[in-house]
Amino acid sequence: MTMVIEVNHLNFGYNNNLILKDISFSVEKGDYLGIIGANGTGKSTLIKLLLKIMDPLSGEVKILGENVKTFKRWDKVGYVSQKANSFNSSFPATVEEVVAANLYSKIGLFRFPNKSHMKKVYEALELVGMQNYGKRLIGNLSGGQQQRVFIARVLANDPEIMFLDEPTVGIDARSEEAVYGLLGRLNRELGLTIVMVTHDISAITVHANKLVCLGENGMFIHDPREGITKEFATELYGYSVNLHNHNCKNCYKEVSQC
Amino acid sequence: MLDIFQYDFMRRAFITGILIAIITPCIGVIVVLRRLSMTGDALSHNSLAGIAAGLVLGINPILGAVVFSILAAFGIEEVRKAFPRYADIAIAIIMSTGIGLAGILSGFVKNSANFNSFLFGSIVAISDFELYLVIALSIIVMLAFILLFKELFYTTFDEESARLAGVPIKVVNFIFTLLTAVTVSVSARTVGTLVISSLMVLPVACAMQISKSYKQTVVLAIIFALFFTTTGLYISYYANLKPGGTIVLVGVITLIGVLISKNLSNILRNRNDFYAGQ
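Residue numbers (this note's numbering), protein chains in the order written: chain A, 225 to 482; chain B, 2 to 279.
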């Protein structure tokens, strides 16, 4: 299999306090990788280091075989950030304007989107079932619909890897399941590599084929098919965690801190 | 009605007014959507200091305003780096600096009437040089805005994703800072430094109430600004009022009208929906 992400001995921290210590793992093409862990363990930071939004203290990150420091093919990498769903909801932009904006590298400097670009926009919207909402203002959509638009914005560029940072925060359970279902379908049918930070252990263990677990005692690579046990979650989160079985195989949810 | 165009000074006032009405909302849309509406105020107070410096040193005051305004715009960016989570502190500091400088330098201006004409604008005082300067700078601002239309949109909507999509964020922001400073300073003569930020915000506020897309917001904001400016200039000529103040008050009255009609149409629509459901 082709390696699309390689992380070697990555260290990051503030004021001599290492948040991420000696992190190494790899992601193969078509993987669905979940990153889980308690708050403050560096999950979002790890994604930002992979995307060169932040620089590590030491270590190496390779994206699509190239060191991230010199990586140029950013159109092949999509990112749905935590901020995506906390955007200015009164921003007067339509769904098609938001999705077309991400075709920047295809449209080019000083040019406007043409018919083929708009066709691409609607193909991406169709993939997420939002093709009838192109002319609607993004701020007038529900949280789940907005998140699907942000996923379409990434898909319009035909990315090879999609990074998502807690994409289901602030949306209801039904929309949350729809987003996970959509991502699972994109992973299976398009072979899209997905890297997702989440707190939703139950959903990610169902959909992901690999888990990176960040905890106080370092990083673990976990096979979700083995499920998440109470002992593992307690060790990972650093405090006692109760897990509820939702009567589905390998399906658990963190419910409380004891 | 058209007799005012027989006067050369009114033709100049309308040409510069229309150009400023086109470029100001273009910049205003981005400023408002980035929630930096006070930037215009900070830059205009610094351009006032530049006007005073120009009058004291004997150079064209608009040129002085352009230089001071550009310095202030980059000053805001620098101060913001020291207070990254408090964008408004940088604006307040640079605005205070501008007010302080304008206050001191204005004390050295011999012709205070000339200086005062820049506060609320003057339709009789536009020289040939200033007319050509406004035309040239307005064309530059318009071209830059059109060419960077999608880049400005994306960096304003989601800067992080825009960077990943390949938009040269630093270059775009640098050019936008220059455009804002130039727009504020060239508007000083017609609209006046104290009301230019209102002309940036008011047309955009009106447009946002009724627009259905970003592109439509820009177009409607320009149409509103053209309406405010031409109506304001007419009224200021016939009623012998300060043009800047008149233009802004026309804008405020229009905004109130837009808000009232929007609320009324919402009430009517809800009532119709209620009866249709029965």
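Please keep in mind that the hints were generated in silico from the structure rather than gathered at the bench.
Computed from a predicted model, the values in this text were never measured in an experiment.
Watch out, some of these pointers could steer you wrong.
Each computed EDC-like pair below joins lysine to aspartate or glutamate, with the alpha-carbon atoms no more than 20 Å apart [said to hold, decoys possible]: (1) 171/B x 424/A; (2) 300/A x 9/B; (3) 330/A x 382/A; (4) 293/A x 129/B; (5) 343/A x 279/A; (6) 272/A x 78/B; (7) 344/A x 299/A; (8) 296/A x 424/A; (9) 296/A x 78/B; (10) 82/B x 279/A; (11) 434/A x 424/A; (12) 272/A x 160/B; (13) 171/B x 384/A.
Computed beta-carbon distance windows for the label pairs [unchecked claim]: (14) 277/A x 6/B: 51 to 57 Å; (15) 271/B x 281/A: 55 to 61 Å; (16) 227/A x 175/B: 36 to 42 Å; (17) 294/A x 19/B: 35 to 41 Å; (18) 254/B x 415/A: 55 to 61 Å; (19) 268/B x 293/A: 54 to 60 Å; (20) 281/A x 268/B: 55 to 61 Å.
A virtual CB, placed ideally from N, CA and C, is assigned to each residue, including glycine.
Structure-based check of each hint:
Between residue 171/B and residue 424/A, the direct Cα distance comes to roughly 36 Å. Violation of the 20 Å bound is thereby established for this hinted pair. In summary, the hint linking residue 300/A to residue 9/B is not supported, as the alpha carbons are separated by about 58 Å, beyond the 20 Å threshold. Restraint check for residue 330/A and residue 382/A: the C-alpha separation of about 11 Å stays at or below 20 Å, so the hint holds. A distance of roughly 53 Å separates the Cα atoms of residue 293/A and residue 129/B; the hinted pair therefore is violated under the 20 Å criterion.
Of the pairs offered as hints, the one joining residue 343/A and residue 279/A is violated, with about 36 Å between alpha carbons and a cut-off of 20 Å exceeded. Between residue 272/A and residue 78/B the CA atoms are separated by roughly 24 Å; this puts the pair beyond 20 Å, and the hint is violated. Straight-line distance between C-alpha atoms of residue 344/A and residue 299/A comes to about 14 Å, which keeps the hinted pair within the 20 Å bound. Among the hinted pairs, residue 296/A with residue 424/A is inconsistent with the structure: their alpha-carbon atoms are about 32 Å apart, more than 20 Å.
For the proposed pair residue 296/A and residue 78/B, the alpha carbon gap of about 27 Å is over 20 Å, so the pair is violated. Note on residue 82/B and residue 279/A: the hinted pairing holds, with a Cα-Cα distance of about 18 Å set against a maximum of 20 Å. For the suggested pair residue 434/A and residue 424/A, the alpha carbons sit about 14 Å apart, so the restraint of at most 20 Å is met. Among the hinted pairs, residue 272/A with residue 160/B is consistent with the structure: their alpha-carbon atoms are about 14 Å apart, no more than 20 Å.
The suggested pairing of residue 171/B with residue 384/A is violated, with an alpha-carbon distance near 27 Å, which exceeds 20 Å. In this structure the hint that residue 277/A and residue 6/B lie 51 to 57 Å apart at CB holds, the actual value being about 56 Å. At roughly 58 Å, the beta-carbon separation of residue 271/B and residue 281/A lies within the given 55 to 61 Å, and the hint holds. For the pair residue 227/A and residue 175/B, the supplied restraint of 36 to 42 Å holds, since their beta-carbon distance comes to about 38 Å.
Range check, residue 294/A to residue 19/B: about 49 Å between beta-carbon atoms, so the 35 to 41 Å window is missed. About 59 Å separates the C-beta atoms of residue 254/B and residue 415/A, a value consistent with the hinted range of 55 to 61 Å. At about 58 Å, the CB distance of residue 268/B to residue 293/A agrees with the hint of 54 to 60 Å. Here the CB-CB span from residue 281/A to residue 268/B is close to 60 Å, well matched to the stated 55 to 61 Å.
When each numbered hint is compared with the structure, violations occur for hints 1, 2, 4, 5, 6, 8, 9, 13, 17.
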